[in-house]
Amino acid sequence: MAIFEKVSGILTMIELELRRLRHDRTELYTRAVQPILWIVIYGQVMSSVRAIPTSGVPYTDFITPGIMVQTAAFASIFYGLTIVWERESGILKKLLTTPASRYSVVIGRSMASGVRAVFQALIVLPVAVVIGVRLVPNPAYFVLAFIVIFLASGGFAAISILVASFMKTRERFMGIGQAIIMPLFFASNALYPIQMMPPILREFSAVNPLSYVVDATRGLLITGDVSNLLLDLVAIAIFDVVMFVIASISFKRIIE
Amino acid sequence: MDFAVHVVDLVKVYDGRVRALDGVSLDVRPGETFALLGPNGAGKTTLIRILTTQLKPTAGEAYVFGLDVVREASKVRRLIGYVPQEMSVWTDISGYENLLIYAKIFGVPRLGREKAIEEVLEVMDLTRVKDELVKNYSGGMIRKLEIACAMLVRPKIMFLDEPTIGLDPAARKIVWERLTAFKEEYGATIFFTTHYMDEADLYADEIAIINKGKVVACGKSEELKHSLGGEIITLEVKEMPLKPDLVQELRRSGLVKEVFEGENLSVLVSDAEPALPNLMGFLKSRGVSVGRASITKPTLDDVFLKYVGTRLEERGRASEVTRVRDMIRRGERDGHL
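In the order they appear, the protein sequences are chains A and B.
For what it's worth, our numbering labels the leading residue of the first sequence as 1, then goes sequentially.
For what it's worth, our numbering labels the leading residue of the second sequence as 1001, then goes sequentially.
Be aware that a few hints might be false.
Mimicking DSSO-like on lysine-lysine, the simulated pairs with C-alpha atoms at most 27 Å apart in a straight line are [unchecked claim]: (1) B:Lys-1306 <-> B:Lys-1238; (2) B:Lys-1130 <-> A:Lys-168; (3) A:Lys-6 <-> B:Lys-1115; (4) B:Lys-1220 <-> B:Lys-1183; (5) B:Lys-1135 <-> B:Lys-1156; (6) A:Lys-252 <-> B:Lys-1056; (7) B:Lys-1173 <-> B:Lys-1115; (8) B:Lys-1183 <-> B:Lys-1238; (9) B:Lys-1225 <-> B:Lys-1135; (10) B:Lys-1173 <-> B:Lys-1135; (11) B:Lys-1075 <-> A:Lys-6; (12) B:Lys-1225 <-> A:Lys-168; (13) B:Lys-1238 <-> A:Lys-252; (14) B:Lys-1173 <-> B:Lys-1183; (15) B:Lys-1156 <-> A:Lys-252; (16) B:Lys-1104 <-> A:Lys-6; (17) B:Lys-1220 <-> B:Lys-1297; (18) B:Lys-1056 <-> B:Lys-1214; (19) B:Lys-1284 <-> B:Lys-1243; (20) B:Lys-1257 <-> B:Lys-1238; (21) B:Lys-1156 <-> A:Lys-6; (22) A:Lys-6 <-> B:Lys-1220; (23) B:Lys-1220 <-> B:Lys-1238; (24) A:Lys-252 <-> B:Lys-1220; (25) B:Lys-1115 <-> B:Lys-1130.
Quick caveat, the hints were computed from the structure, so don't treat them as lab data.
Looking at chain A on its own, in the form it has when it is part of the complex (with noise of 0.2 Å):
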């Protein structure tokens, strides 16, 4: 009975987010600019210039997978704002108030981060299609990838509802935002290979939760080899539940 409770606590908390984005979809288009300028224009220039090698896979290919993960972990990340905004506004008060559990609340609300950053890293595929990049055939991979994103998203929203309950204004919390998914995408195998990098990243690396998924989802859409799905899931569903665990425990100070 408690499980189920939560379970529709979580569902719930999905379907305000699913009905947000039916009203008003507005800042889906404007969020995807920036990640089709990474993949047409980045993209293509370095792909003519083949200076990194992908292993045979074209450069604006290879980049694909990274790019859209980064555009999810981005909305994920700044999913927080609501947060913040409902903090503000008495909304956060009241849900405490509330039958639901803080846990379903916060991974509700995770939860329905990831749902936005799918349809966040949908919105990029067909560019990527139409400039070219192959992906492989595999209806059962492709939904497999994404969900893996929404997975992952709601890993990186629970980080920034963590953020948003120490960060009490909008302002700082853009700032914060900004400084936790840049290093992580750069630090990632987003745009390149990890053997690229220098040691000490490549260390970094290996902790770099997004590293996991854009592994997972380069194999599955782009490369087909998923020898290290295993590993990537193992590495996702363990950074899900630690984010969740903390942020919930922080959530309560949230209103405080």
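For this one, chain A is given, so just place chain B on it according to the hints.
Same frame as chain A, now just chain B:
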């Protein structure tokens, strides 16, 4: 019998310094409408937030229908409906969707959910706009939607923090009529704070006045007014405010029981008719010119003035809260970057 709210020696200290509640005790009987009055920063919102399980008290005990708000918080949450002072609905979905989401969060069974939503929409006169985005609602409509959210789950007790702030008098009246009808129909208890004296006077069965974290007076409106023991003489005086030593002298003179200073000079006397000429004589001999004089029974305002020392500033306060609420609403749009 369990009290709907039972609070004993409640203390809340923020950051080890700010004493928001300083030993509050009060009881609310089930089915009662209970008003909490007090100036800004008196501790009203803190008390409501402890009772709705958002904050832990520093010391003391608080129970809602016999349940400890700290140790049995999750059980308490099933009994309460809560309208915070700040805006508490999502503005980028419709009014109907807000109610639907809250119904689901509370686990209102699918069967009868639609009917319950339609009902509260009807009660709060929102049926016509239920499918519009809340960001297009007026401030009053938003407040009504928030109250509808709290009614929807048919709580045993509703905690309303300034439920009618920013509403015009006609809308306030309607909201209270609907709340009263709801209370009668479901036997709910209502615990509210307000800046409108007339509201407490008209709708509350019991009133507590709280100041600096302490309950300074508690009782039925009539009892509180009676406790002043007398009548109020209000004099139009040009030289307001009076010199402090003149006020001191007036207090010591034995002519009056209490002096309230505001725009006009008000004094409390046990019997106004014989007191008035003496009072006029006193003021005249001190060179104070008096214009009109009026005699009234004490109002709740006077009660408040006696126990708190200042009048409750309704207008300034209400417009401030409305302004903050509007700011939050506007923030919504740049909130989604």
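Proposed proximity, Lys-1135 of chain B with Lys-1225 of chain B (alpha carbon, max 27 Å): 43 Å, violated
Between Lys-1156 of chain B and Lys-252 of chain A, does the CA-CA distance stay at or below 27 Å? Judged against 27 Å, a Cα distance of about 25 Å means the pair holds.
Taking 27 Å as the top limit, are the C-alpha atoms of Lys-1115 of chain B and Lys-1130 of chain B close enough? 14 Å, holds
Pair hint outcome, Lys-1220 of chain B versus Lys-1297 of chain B [Cα-Cα no greater than 27 Å]: Roughly 16 Å separates the two Cα atoms, so the pair holds.
Next pair to validate is Lys-6 of chain A with Lys-1220 of chain B; report whether the Cα-Cα distance is within 27 Å. 43 Å, violated
Satisfaction of hint between Lys-1214 of chain B and Lys-1056 of chain B, Cα-Cα up to 27 Å: Answer holds: Lys-1056 of chain B to Lys-1214 of chain B is near 18 Å, not above 27 Å.
Is the hinted pair Lys-1075 of chain B and Lys-6 of chain A satisfied, with a Cα-Cα distance of at most 27 Å? The hint holds at about 16 Å.
Does Lys-1135 of chain B pair with Lys-1156 of chain B here, judged by a C-alpha cut-off of 27 Å? The hint is violated at about 30 Å.
Straight-line Cα separation of Lys-252 of chain A and Lys-1056 of chain B no greater than 27 Å? Status holds; Cα separation ~11 Å.
Could you grab the alpha-carbon distance between Lys-1173 of chain B and Lys-1183 of chain B and see if it respects the 27 Å cut-off? Holds, at about 15 Å.
Would you mind confirming whether the straight-line C-alpha gap from Lys-1220 of chain B to Lys-1238 of chain B stays at or under 27 Å? The hint is violated at about 36 Å.
Does Lys-1238 of chain B lie within 27 Å of Lys-1257 of chain B when you go C-alpha to C-alpha? 22 Å, holds
In the structure shown, a violation is registered for the earlier hints numbered 2, 5, 8, 9, 12, 13, 22, 23, 24, in ascending order.
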